[in-house]
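Note that the protein sequences, when read in sequence, are chains A and B.
Quick note on the UniProt record's numbering: the first sequence kicks off at 1 and runs consecutively.
Quick note on the UniProt record's numbering: the second sequence kicks off at 1 and runs consecutively.
Just so you know, these hints were derived from the structure itself, not from any lab.
One thing to keep in mind: the hints can contain errors.
No distinction is drawn between identical chains; accordingly, a pair holds when it is met within one copy or between any pair of copies.
Claimed, not checked - Result set (SDA-like, lysine to any residue): computed pairs, CA atoms no more than 20 Å apart in a straight line:
1. LYS45 to THR145
2. LYS45 to GLY359
3. LYS45 to ASN137
4. LYS30 to ASN137
5. LYS45 to SER317
6. LYS30 to LEU343
7. LYS30 to THR346
8. LYS45 to GLU267
9. LYS45 to ALA312
10. LYS45 to ALA276
11. LYS45 to VAL133
12. LYS30 to ASP135
Spelled out, the chains give:
There are 2 protein chains.
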Amino acid sequence: MSTGEDTGTLAEAEQRVLDRIDQARRRRPKVREERITLSHGAGGKATQTLIDAVFLDAFRNPLLEPLEDATRFTVEGARLALTTDSFVVSPLFFPGGNIGDLAVNGTVNDLAVAGARPLYLTAGFILEEGFPVADLNRIVRAMATAAARAGVQVVTGDTKVVQRGKADGCYVNTAGVGVLEHPGRLGVATVRPGDAVLVTGPIGEHGVTVMLARGELDLDADLSSDTAPLNGLVSDLLAAVPGVRALRDATRGGVATILNEVAKAAEVSVVVDEAAVPVGDPVRGAAELLGIDPLYVACEGRAVVVVDGDQAGEALSVLRAHPLGAGAAIIGRIAAEPPGLVLLNTAFGGTRIVDLLVGDPLPRIC
Amino acid sequence: MSTGEDTGTLAEAEQRVLDRIDQARRRRPKVREERITLSHGAGGKATQTLIDAVFLDAFRNPLLEPLEDATRFTVEGARLALTTDSFVVSPLFFPGGNIGDLAVNGTVNDLAVAGARPLYLTAGFILEEGFPVADLNRIVRAMATAAARAGVQVVTGDTKVVQRGKADGCYVNTAGVGVLEHPGRLGVATVRPGDAVLVTGPIGEHGVTVMLARGELDLDADLSSDTAPLNGLVSDLLAAVPGVRALRDATRGGVATILNEVAKAAEVSVVVDEAAVPVGDPVRGAAELLGIDPLYVACEGRAVVVVDGDQAGEALSVLRAHPLGAGAAIIGRIAAEPPGLVLLNTAFGGTRIVDLLVGDPLPRIC
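Input sequences plus hints: build the corresponding full structure.
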């Protein structure tokens, strides 16, 4: 496949990429809707437009602009990463975890995939009047256990209470600070043709688990959330495999959204072999019933790894040697053309474009 | 006034203080209520019990334990401060500001009063389905303006959307990182008898403004929120006055809550002269109608300063020389006995105890 452009010299190619980025910036995206919809929170197209048109436009600065999960900067010689995430999952408790595990693991993972060792977390609670104190205790104890497992500390916090009907029991925000152990090494823009794409385990388990926990679907599956801290796994990988180019945890919007971000940021094509993507039977079955593609379903303990193609086998071995990477797989590769697109070679021999999500098939998953 | 204890030697006095702290720790407070009430978010007694019994008990670590607004630690030689706050103010827009200004100034101020220069902020939004995009734009632009005024950058963020009826338009969490410029210098536990207590300006304006903006009170006052970034004012003060012992911004629970924290942490008595406390006429009038004491009403741009008594005049001059400290005043002093109590010498010549707030007279103020 080709866009038909003359590929020319490397300098010309680079100039084309820069021109495209420049054009994208000048386009100044606009939110067409007058009111916020659930799609704006789904991690797909509407979310990206909202971020570009509202947040990036107002806050624009060099640290924010890469729009990575964690931002990286230096203070008094210390190279740090900083990230934040709010959690609004419904229900609050589900097989394999609760909002507390999610809130710790989510922020730990955002730091880990930025190449940082997570150190300190903040915790902000918005509680609805009437929320059971026993439930709060369960959530907070899950956070403490998750923090201990990940080797981080919750060092400061805040609690607000809103009137009955102004929240959904409990919302949790965490922010996290880590120390960059691999500065300048990772970034989706460094991805290049010939690289391999891996996932660290079977996908979609968290999202489908939460969906089933709502009881809206008459389906009983032996499934639990994959929520887990990935800092140990990522640390092993980065120590052993110098050719790792980019890491992302595949939360809201799933693996498909991450791959689209890679394709757009690096101006490359991502080619995925559907048959190679690890999907457990319960997830496959539930996804079929829900009419959704597992590639778009949130994980909370899985990362997408892009690595130099020559080191893909080594990366796979290192991942599989870790308990949280036992189900890792090579799912695709990076190509030059067509830039900005994710292509799926289907099990039936066809090829289709895996675009950014439009709408929100599974709201309030994380 | 005296507790009747034999004061004895300094070593014996210190031992008594340590014993009391130890006893308090062993008491293991318990939340008696089965469900969260608005009081748990008011910053008073119920909030303290919730923090001690639920959060501190689960997360206990040396950085969290002082329960300061910002925690302080060292990473790779850099001395940092970290803080977080969620904002749920209702209404979102009020004279003098909106939830966006509050969210930036609140976190900037928590860092400033910890002796840190605020650098980087995170922003987490929880939006209710149906929230007007134009309102979100106003809020975000207010945040950008407030950040520029305070000299900080919003460097990473997150947006979640919840269904209609699961929030109140827009909640904002900010976390902030700053570099400690006065490490080891400030802390409420360093306060000692003979110190002077100051406030940086007239109190209660934010809380009363928000209350009136709800329109529940048939009262028209020429009043606007005091929301402002205090980092410049605090920086001037700390540079000029070596004897500053402790700083706190008087938000939820107002000046009275801060003074109680000082009294308890330093095991001293705080004696306030009611006539010296700067309260504007509109706040005084509204507070009378509402049946509340301005000492308990939230400010969002005022700090309480405790300073060596010999340097109180100098501190007052430095504060008054700054536009945000023009209304500063010396409002009281620190005494040895009775430890842990705040006493108010009233305008009528009496003395009464100013205790921690029970209940929440003004919910959703910040």
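Hints that the structure is at odds with (numbers, increasing): Structure breaks hints 1, 5, 6, 7, 9, 10.
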